[in-house]
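**Q** So the chains spell out like this:
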Amino acid sequence: MTEPLTPEQADRLAVSWRDAPGLWGFLTTVDHKRIAARYILTVVLLMFLAGMLALDMRLQLAWPDMGRMTPQLYNESFSLHGSTMLFLVSVPVMEAMAIWLVPLMLGQRALAFPRLAAFSYWLYLGGVLMLWVPHAFGITPDLGWFEYPPLSGPGYGPGHRVDIWAQMITFTEVAALAASVNVVATVLKMRPPGMTLARIPVFVWSQAIAGLMTIFSLPAVMLVTSMLIADRLVSTQFFAPSAGGDVILFQHLFWWFGHPEVYIIFLPAAGFVSMIVETFSRRTLFGHVAVVLSMLGIAALAFGLWVHHMFAVGLPRLGNDFYTAASMAVALPAGLQIFCWIATLWSGRPRFDTPLLWVLGFIATFVIGGLSGVMAASAPLDQQITDTYFIVAHFHYVLIGGAIFPLLGAFCYWYPKATGRLMSERLGKLAFWLIVGGFNLGFFPMHLLGLMGMPRRVYTYSEGMGWGPLNLVATLGSAIAVAGGLVFVANAWWSRRHGAPAGPDPWGGSTLEWAVPSPPPQHNFDHLPVVDSLTPLWTQKDALQVMTGLAIERREVLVTSVIEATPEYRQKSPKPSIAPLLSALAVTILFIGSIFTPWALVWGAVPVAVALVVWFWPQRERARTGPLRVRR
Amino acid sequence: MSDARPCKVVGDVSDLPESASGAKHLVWWGNIGFMAIEGTAFALAAGTYLYLMSQTQGWPPAGTRPPDLFWPAVLTLGLFLSEIPNLWVRRRAIAKDERGVRFGTLGMTILGLLLLIPRGIEFAHLNVHWSDNAYGSLTWMLIILHTSHLITDIGDTAVQAVWLFTHEVGDDQFADVEDNANYWTFVVLSWLPVGALIYLAPRLG
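The listed protein sequences derive, respectively, from chains E and H.
Here the first sequence is numbered in the numbering used here, starting from 1 and rising by one per residue.
Here the second sequence is numbered in the numbering used here, starting from 1001 and rising by one per residue.
Since the hints were derived computationally from the structure, they do not count as laboratory data.
The reader is advised that the hints may include incorrect statements.
From chain H, some residues computed to sit far from chain E (all C-beta separations above 10 Å) [said to hold, decoys possible]: (1) ALA1073; (2) PHE1080; (3) LEU1087; (4) TRP1088; (5) LEU1111; (6) GLY1120; (7) THR1185; (8) PRO1193; (9) TYR1199.
Derived SDA-like pairs: lysine to any residue, alpha-carbon spacing no greater than 25 Å straight-line [unchecked claim]: (10) E:LYS33 with H:VAL1027; (11) H:LYS1024 with E:ILE563; (12) H:LYS1024 with E:GLU556; (13) E:LYS572 with H:LYS1096; (14) E:LYS572 with E:ALA14; (15) H:LYS1024 with E:THR196; (16) H:LYS1008 with E:TRP17; (17) H:LYS1096 with E:THR625; (18) H:LYS1008 with E:GLY508; (19) E:LYS572 with H:ASN1182; (20) E:LYS429 with E:ARG283; (21) H:LYS1008 with E:ARG554.
Note that CB positions come from ideal geometry on N, CA and C, so glycine has one too.
Chain E on its own, in the form it takes in the complex (with noise of 0.2 Å):
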């Protein structure tokens, strides 16, 4: 076949890939684009809660001895707060971008892996459920984010409060090693004919990158957390140190997984902000290959800091040096892609709509952020500041401003091709300077009030100390922030219907996304693009170079090598199928009653093993050969 796809041939390939109508094809459906959207939806919902939360905080601290919220409702909120933000929305979310886009940046019609990334979401729910119903019952973690045993061992921290903590952990962290195996497996063995290593998009790049960061730090987090609930639940002394065992344990595995997954909800970020740049600016991204060295160099460096979060524990001198070094050795890349990114902006023809003021608000804020991260960095000066509000304005700052503003920035990009419409720009822009203005009022004066000696995670302060106008100041900034993050949700909400239609592309983007219909139908693309440089919609303006071949009547995929990606084989691609919700429900069983029994680990596996079975079962015809073949 060397002709393009006729429309009756296309109506067939599309039928090939829809989904069941209905509630069995919400069940059961494995297209990237549902399950990444469900993703988002729930993390939507997350931030909205968390978000509350926050503010809940900051009204309590907005003047001096205010009771309103009792020390235990305190110590509950900022930890539903960091566990939710963390665990639950920031890597998620940067997943759900990856699950949503790299199949269509790579002209693709699904992931390597569709089912692993529907039980991936599933799995995902499980956490999310974990941790807020029980809270919806009163039992909540309250021991922070991190919860560093002596107090969250057996001995302080009675109750599940703890196990629920923990073991929401082990879901999230299941549901984001499979999304990372799924994404990373896509970018090396499924890229269009032509996508060399040198053409993949710099926002694949940065999901393959952290997708392997993701893999060689998160299972850290569940053997500690392990550790824990097994110190908990039989007795052993991981963390005893009467009994060999020791507390600094626990933070040196945590920070492992901890430090690294700051980079694996940044790098995503940057890679969000090079495209923006490069479609805003209109003109290729400057120094492509700087940019992509510089995600590796943080990548490989993000596994060299974890002691930084340690510095006050009291180790050896030398340790904290080294970690200093390696720490402020990071800024360096980070700042090459930041003089990337402005080179870029500076040498094209910036057009300021939505999505690029979202990258100007990221490039300023991030660079406060790091700069207060250069100084935190400093193991005399971290002494001082640690567990100051001047790191929670630091932490907030790189988060906020180095992953949240560039989420919400691609939110806005690609928004057009996921629902067809644009978003209202008057609203964005609305929503842009409340954000932006919002969160830097309510998180600058925090520099300020860290370095006046107010410690974090205090439910109130005196009058005497002289906190109290700062802290009125970033509580009104939090609500200007909150009040822009609903603009921003309202503007979606009613895009949706009245936006005004996008068609294929709006922004004059480069890369392959842009060249479907939006929003894309179910199997992406009717043929296979072929890729002659790192921005094929630019230099294929007339026509887009594909190819044919691909099966029409049954879900087939392309399979391309590693380095040069040239077609190897097709691939036959998993229809809809119910075993990853059924996996996802057997593991949630085993996952909850290993808080109350060791024997779950045991009793729980069967289901298990049965529903991966009816996952994984081939089917194909009955044996014709050999000793248990068909009789007829």
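Given chain E, put chain H in place with the hints provided.
**A** Structure of chain H alone, referenced to chain E:
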């Protein structure tokens, strides 16, 4: 038609095969990904063991005997020898030999179940309970971590054997058998550092 741009056909992939084996195969990479995750978990668990060992005076702690060596020696020898049939099954899978993979996976299932006997006895000869001290907790953690991998792969091989005997075997299933054999090799190799820590570190520490 759904593509939003005019297109020019420059090639066709209908002549390409419908399956592949080894590193060309997509699933091979998924398998590598999960080995990387589990390998990281093994490495971190080993690092944890060494960290606590370095923090403790005397290893094992006074009054605790190191684990006995006989049954783990039997298991280790068995695991090594199991690589001979395992690699044979792998070659049969690459050669797309239906009879070979059917009987090979059956044999590997039986062999795996037999290896669970010395593994089971090992638990009774660790000479420490997990709740005695951190050394005991670490010993049990490492051996349970490895045993869970052992059982998972034996279960997988058993299911594969049942399927292979009852169905017509296609190229994708040959690739699955190859991946499963690779995973068994991973389980065998991961035992070397883990077993060394459990059985040799207390004798050297």
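**Q** Each hint should be assessed against the structure and marked as holding or not.
**A** Right, here's what the structure says about each hint:
Every Cβ of chain E is farther than 10 Å from the Cβ of ALA1073 (chain H); the closest lies at roughly 27 Å, confirming the non-interface assignment. Non-interface call for PHE1080 (chain H) relative to chain E: holds, since the shortest CB-CB distance, roughly 27 Å, exceeds 10 Å. For LEU1087 (chain H), the condition that its CB be more than 10 Å from all CB atoms of chain E holds, with the nearest at approximately 23 Å. Every C-beta of chain E lies more than 10 Å from that of TRP1088 (chain H), the closest at about 18 Å, which supports listing it as non-interface.
The beta carbon of LEU1111 (chain H) is kept farther than 10 Å from every beta carbon of chain E, the shortest such distance being approximately 19 Å. Here GLY1120 (chain H) stays apart from chain E, with its beta-carbon at least about 14 Å from theirs, past the 10 Å limit. Even its closest Cβ contact with chain E, about 19 Å, leaves THR1185 (chain H) beyond 10 Å, as expected for a residue assigned away from the interface. The Cβ of PRO1193 (chain H) sits about 15 Å from the closest Cβ of chain E, beyond the 10 Å cut-off, so the non-interface label holds.
For TYR1199 (chain H), the condition that its CB be more than 10 Å from all CB atoms of chain E holds, with the nearest at approximately 19 Å. Our distance criterion of 25 Å between C-alpha atoms is met by LYS33 (chain E) and VAL1027 (chain H), whose separation comes to about 22 Å. With a CA separation close to 12 Å, the supplied pair LYS1024 (chain H) and ILE563 (chain E) stays within the 25 Å bound. Straight-line distance between C-alpha atoms of LYS1024 (chain H) and GLU556 (chain E) comes to about 16 Å, which keeps the hinted pair within the 25 Å bound.
A threshold of 25 Å between alpha carbons decides the hint, and for LYS572 (chain E) with LYS1096 (chain H) the separation of about 19 Å falls inside it, so the pair holds. Taking the CA atoms of LYS572 (chain E) and ALA14 (chain E), the gap is about 16 Å. The hint holds against a cut of 25 Å. Only pairs whose Cα atoms come within 25 Å are accepted, and LYS1024 (chain H) paired with THR196 (chain E) is accepted, the gap being roughly 16 Å. Using a Cα cut-off of 25 Å, the hinted pair LYS1008 (chain H) and TRP17 (chain E) holds, with the two alpha carbons roughly 23 Å apart.
Proposed proximity of LYS1096 (chain H) and THR625 (chain E) is supported: the alpha carbons are some 15 Å apart, at most 25 Å. With a CA separation close to 20 Å, the supplied pair LYS1008 (chain H) and GLY508 (chain E) stays within the 25 Å bound. Distance check on the hinted pair: LYS572 (chain E) and ASN1182 (chain H) sit about 22 Å apart at the alpha-carbon level, within 25 Å; holds. Of the supplied pair hints, the one linking LYS429 (chain E) and ARG283 (chain E) holds, its CA atoms being roughly 24 Å apart against a limit of 25 Å.
At most 25 Å may separate the alpha-carbon atoms for a hinted pair to count; LYS1008 (chain H) and ARG554 (chain E) meet this at roughly 24 Å.
Hint check: no violations occur; every hint is consistent with the structure.
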